[in-house]
Amino acid sequence: MPEPLETKKEKVSLVERFFILWDRIGILLAFIVVCILFGILTPVFFNPLNILNVIRQVSIIGVIAVGMTFVILLGGIDLSVGSVVAFTGIIAAGFQVKWGGSLFLSIVIPLLIGGGIGFLNGFISTKGGLHPFIVTLGTMSIFRGATLLVAKGRPISGMSRSFRFIGAGMIGPIPFPVILFLGSVIIAAIILRRTVFGRYIYAIGGNEEAALLSGIRVDRYKISAFTILGFLSALSGLILTSRLNSGELVAGEGYELDVIASVVIGGTSMMGGEGGVYGTLIGALLIGVISNGLNLLGVQPYWQMIVRGSIIILAVLMDKMKRRFRTA
Amino acid sequence: MEEVILEFDKLTKKFPGVVALDEVSFDIFRGEVHALVGENGAGKSTLIKIVTGVYQKTSGEVFYQGKSINFRSPHDALQNGIAAIYQEFNLIPALTVAENIFMGHHFVRGKFVDWKKMEEEARKLLDFLEVDIDVNSRVRDLGVAKKQVIEIAKALSHNAKVLIMDEPTAALAQKEIKTLFRIIRFLKESGVTIIYISHRLEEVYEICDRVTVLRDGKFVATKPVKELKVEELIRMMVGREVGERFPRVSHTIGEEVLRVEGLTRPGVLENINISLHQREILGIAGMVGSGRTELLRAIYGVDPWEEGKIFIRGEEVKITSPPEAISLGIALLPEERKTQGLILLLSVLDNLGLPILPNIANAGFIDEDRLKQIGEEMVEAMNIKTPSLYQRVMYLSGGNQQKVVLGKWFARKCDIYLFDEPTRGIDVGAKVEIYQLMNRLVSEGAAIIMVSSELPEILAMSDRILVMREGKIAGEVNREEANQELILNLALGGKNHYARTP
Amino acid sequence: MKKLGVVGTLVILVASLCLGSLALAQEQLTIGLSFPSLSFAWFAFLEEAVKEKATQIGGIEVISLEAEDNVAKQISIIEDMIIRGVDGVLLVPIEVEAVVPAVEALNKANIPVVTVDRRIKEDAPVEVLCHVGADNVEGGRRAAKFIVDELVEKYGEPKGTVIELTGTPGAGPAIDRSAGFNEIMEQYPDITIKAQTANFRRDDGMKVMEDFIMSTPQIDAVFGANDEMILGAIQAIEASGKLDVKEVITVGFDALPEALQLIEEETLDATIEQFPGRQASTAFEILVKYLREKVEPENKVILIEPAVITKDNLYEAEKSIQ
Chain S
1 MPEPLETKKE
11 KVSLVERFFI
21 LWDRIGILLA
31 FIVVCILFGI
41 LTPVFFNPLN
51 ILNVIRQVSI
61 IGVIAVGMTF
71 VILLGGIDLS
81 VGSVVAFTGI
91 IAAGFQVKWG
101 GSLFLSIVIP
111 LLIGGGIGFL
121 NGFISTKGGL
131 HPFIVTLGTM
141 SIFRGATLLV
151 AKGRPISGMS
161 RSFRFIGAGM
171 IGPIPFPVIL
181 FLGSVIIAAI
191 ILRRTVFGRY
201 IYAIGGNEEA
211 ALLSGIRVDR
221 YKISAFTILG
231 FLSALSGLIL
241 TSRLNSGELV
251 AGEGYELDVI
261 ASVVIGGTSM
271 MGGEGGVYGT
281 LIGALLIGVI
291 SNGLNLLGVQ
301 PYWQMIVRGS
311 IIILAVLMDK
321 MKRRFRTA
Chain C
1001 MEEVILEFDK
1011 LTKKFPGVVA
1021 LDEVSFDIFR
1031 GEVHALVGEN
1041 GAGKSTLIKI
1051 VTGVYQKTSG
1061 EVFYQGKSIN
1071 FRSPHDALQN
1081 GIAAIYQEFN
1091 LIPALTVAEN
1101 IFMGHHFVRG
1111 KFVDWKKMEE
1121 EARKLLDFLE
1131 VDIDVNSRVR
1141 DLGVAKKQVI
1151 EIAKALSHNA
1161 KVLIMDEPTA
1171 ALAQKEIKTL
1181 FRIIRFLKES
1191 GVTIIYISHR
1201 LEEVYEICDR
1211 VTVLRDGKFV
1221 ATKPVKELKV
1231 EELIRMMVGR
1241 EVGERFPRVS
1251 HTIGEEVLRV
1261 EGLTRPGVLE
1271 NINISLHQRE
1281 ILGIAGMVGS
1291 GRTELLRAIY
1301 GVDPWEEGKI
1311 FIRGEEVKIT
1321 SPPEAISLGI
1331 ALLPEERKTQ
1341 GLILLLSVLD
1351 NLGLPILPNI
1361 ANAGFIDEDR
1371 LKQIGEEMVE
1381 AMNIKTPSLY
1391 QRVMYLSGGN
1401 QQKVVLGKWF
1411 ARKCDIYLFD
1421 EPTRGIDVGA
1431 KVEIYQLMNR
1441 LVSEGAAIIM
1451 VSSELPEILA
1461 MSDRILVMRE
1471 GKIAGEVNRE
1481 EANQELILNL
1491 ALGGKNHYAR
1501 TP
Chain X
2001 MKKLGVVGTL
2011 VILVASLCLG
2021 SLALAQEQLT
2031 IGLSFPSLSF
2041 AWFAFLEEAV
2051 KEKATQIGGI
2061 EVISLEAEDN
2071 VAKQISIIED
2081 MIIRGVDGVL
2091 LVPIEVEAVV
2101 PAVEALNKAN
2111 IPVVTVDRRI
2121 KEDAPVEVLC
2131 HVGADNVEGG
2141 RRAAKFIVDE
2151 LVEKYGEPKG
2161 TVIELTGTPG
2171 AGPAIDRSAG
2181 FNEIMEQYPD
2191 ITIKAQTANF
2201 RRDDGMKVME
2211 DFIMSTPQID
2221 AVFGANDEMI
2231 LGAIQAIEAS
2241 GKLDVKEVIT
2251 VGFDALPEAL
2261 QLIEEETLDA
2271 TIEQFPGRQA
2281 STAFEILVKY
2291 LREKVEPENK
2301 VILIEPAVIT
2311 KDNLYEAEKS
2321 IQ
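Protein chains in written order, with this note's numbering: chain S, 1 to 328; chain C, 1001 to 1502; chain X, 2001 to 2322.
One chain only, chain S, in its complex shape:
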């Protein structure tokens, strides 16, 4: 490397300061601006019921995005989340409707299966030395197929009242999925900030080799992150199944894109090592709010797709700029 430019540090500090600021509050600012805009265009947007609606809608994607934040922070990726949602959802529905109707089993088994699939993704990609993109592309297909197989090509409907609480229940005025979502955000934030596990996630994502040479058991942490993601995907599967009152075959299709978009818009770098779960929260909310606002305004679906795509590119561009101004 050429000797770092002596003045770089000073020179960059202004720009850097802007990007640090952007890093912290940029996305939040964008979120607030979008909200105010919709609030002006359609007053019902700020109706508390609508706000709860949006957060509830977002929680299904959001719960997964929390897990995805771990994996992307590590520099990984998981495409199988949508299939995990469908598979665990159909298993839950199966236990509800076909295999005895036990509430306990229909919650615990899918969560275990979800964690297991995540473990598998992590295990194969670390021990087999494969890029998680490839591995999870495979498991994405495997568990979509497994879903069809288990369901024999038909949705499974008719959940019990108690099971329906997961997706449709309320605690006071707050929908239960919202509590699950916000709860997972808070827990994840604490883990990332306060625990050894969390700090090591950043370390590995920042520089895997240096982390390895510092004595961090890299594989173990990677597998754990994928397991967490699998578990949370299953939780999302439970919420969705409960909410729809049906284990759907197409459930979760295309979720991986929304999930990854939430994480990236939230400022977590695809290169790993930078970002956090609060950003993901805002990222997921931003996507949800845009879709909700455009729906309230009766905007054509085509425009929704265009707007969302543009936001993703913008977010990644900001991330790239951030890095460019930083690397010596």
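Calculated directly from the structure, the hints in this document are not laboratory data.
Take these hints with a grain of salt, some might be off.
[To be verified] Computed list of lysine to aspartate or glutamate pairs in EDC-like fashion (alpha-carbon distance at most 16 Å, straight line): (1) C:1309 with C:1261; (2) S:152 with X:2068; (3) C:1226 with C:1256; (4) C:1188 with C:1202; (5) C:1226 with C:1202; (6) C:1049 with C:1061; (7) X:2121 with X:2097; (8) C:1338 with S:208; (9) C:1413 with C:1444; (10) C:1338 with S:209; (11) C:1472 with C:1206; (12) S:152 with X:2048.
Everything numeric in this text was worked out from a predicted model, so none of it was measured.
Given chain S's structure and the hints, the job is docking chains C and X onto it.
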């Protein structure tokens, strides 16, 4: 009177908030090898980048062959015969040697590349430099030294009159450096002017005619190297007395802490035997690729090996991963500070804390107060210059970065240190600090293995020196009998009667 | 009248085929069935109907493959079928145009094709033995008429606000159903239509409906261009606490067992039945008859008339699934 080819007159470059070059004036003679030295941040890079058109000056003048110049781009500079070779080569790995040499001005016949002519001309250039490289081989298949020669040939293909070389020897082995110096002398005789930037002062004395010292963006002095003592040069660079360059303190060697017996990894390491004692610095010399780095990595459990035994404090151990090595008190300071030693995105504190987090955590939760306290202790103990514990390490200077790497193991209370090129790319002043830290570690009972390509460092700091060649230990030399000649002989495969067979 | 005629001919055709096939239990046939996706219950139902028919007729092996809603995949599936030497192909094209080359290849190999449910582009230079399908436009019209009648019953005149959940943008059935629906609705200026896509999916149906409930104070009726979406919308209505699902007129499409169940419970008011089983078995019989007896069908296009299923005529639905 020498002819002046490049002259700087009150050259100034300002960046927002900072003056990178402050009225720098000096000149460079045609056909000389002119060293440009100074600590990181002295202004060397800025100066070079103005000459080559990467930056535009703020004020002052640059005269080239008597005319005031202000190049707009590196291409512009190249057209006028000023070429620069950086540590990161500008070569395209997938293309052939000939193509790379004539990149940007291919020989053409009509619309087609004239391969024959291009190869012929490339061969002529390489013959001129007296090096043997097949012009049709792909650049990616060549070693660092040959790539560098191709860069030089590329510069010559543009009829370069001034060639700027930025740390050209950083990645070269001793033998390759000799070849490079031969080429540099040869170019000099052919009338090419060379601006030579290096941290290695021995090289400046060996190859350069005059030296210009910059400090904090200001010109300090230009002197013929012969009239300048090393100590004086260093004082000018650092701006103060740094004391001895190699502040070695000798200690009473204690008992054996590490013993390696018959360590073998086919094709890489062969029957390596090492004995390392408490309060000892064991130097390992050898060419790049002789297995030095691989040996450290094997002991540390990063790379697998097939045969052999490792004993720590007399007990045989199996080390298959870095965590196991660390739990035995072994620490590795890897060769590449930025890509292997540090997590640049993270803060000083985060980096210092890496190996110790599990030790200061309750049920997985980090004791933040304890961490901060350790961080502060380390910053003080290692004399790390950082505005805060929360500064990202990417913004620290090379020397301070290396101190962070060291501090992280110091905090873990390791007592067997494997240093791989501990002072590479570090300022003279900071180097001394690293040596002092090594002394301190040793005085506190630690043992150090130090791999280094810088022979003066090895010679000055080691109690014993092992020389490696082709994956084997070629010889062991005692501190008293060691000298540059002896070690080079061993490293290159020459006979040596003084060395004991291990 | 004309349609009744078609149905009549069909009945005769079916009857004669059954008898004929009993008499002529003969050479073994292999028939390929290619359809878009198993992820939609509708196609699973169709596949089942075909297999059932095959067993009934006897001596026929059915190779059934789904294409994961991927046009390229459907083409390669058909190419594989040609190589495996199937005698005929029953095809539900994913898309009207993209599948044309595959049908060309079938023509070249002299393998007869019958399309079911969705058609191939009409002016395509390919030979299709017969198309048996539903009239999606007519289905949309009937759904609209049903809603208009219900509104008249409620208000004494055709007025109110109607939500239309449309299918995946660009998909043939989505376009046709919406076209028929709006063709009728346009005649009633006092009825406001608010449309948004829910991609034929239940989760989207729920989400979009939630947003409509916020943005639209008074909702009289909801039409879902398939049952999945209307089922999702009903979940949203039930959860909202603002609307009573018994008050809102809800109409789905496809007559899935789950929808029929809700009609039974009076949660859903109506769904449009397109008789997929009848479509599939009719198409299958035409193909088998052609292969075994070289009898070409009288009509190149047979459209099975959709029916509105309400609580009063639940028995008409093909709800053999359950």
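Here is what the structure says about each hint:
| no. | hint | verdict |
| --- | --- | --- |
| 1 | C:1309 with C:1261 | 5 Å, holds |
| 2 | S:152 with X:2068 | 15 Å, holds |
| 3 | C:1226 with C:1256 | 45 Å, violated |
| 4 | C:1188 with C:1202 | 19 Å, violated |
| 5 | C:1226 with C:1202 | 12 Å, holds |
| 6 | C:1049 with C:1061 | 14 Å, holds |
| 7 | X:2121 with X:2097 | 6 Å, holds |
| 8 | C:1338 with S:208 | 12 Å, holds |
| 9 | C:1413 with C:1444 | 11 Å, holds |
| 10 | C:1338 with S:209 | 10 Å, holds |
| 11 | C:1472 with C:1206 | 30 Å, violated |
| 12 | S:152 with X:2048 | 11 Å, holds |
Consistency with the previously given hints fails for numbers 3, 4, 11, ordered from lowest to highest.
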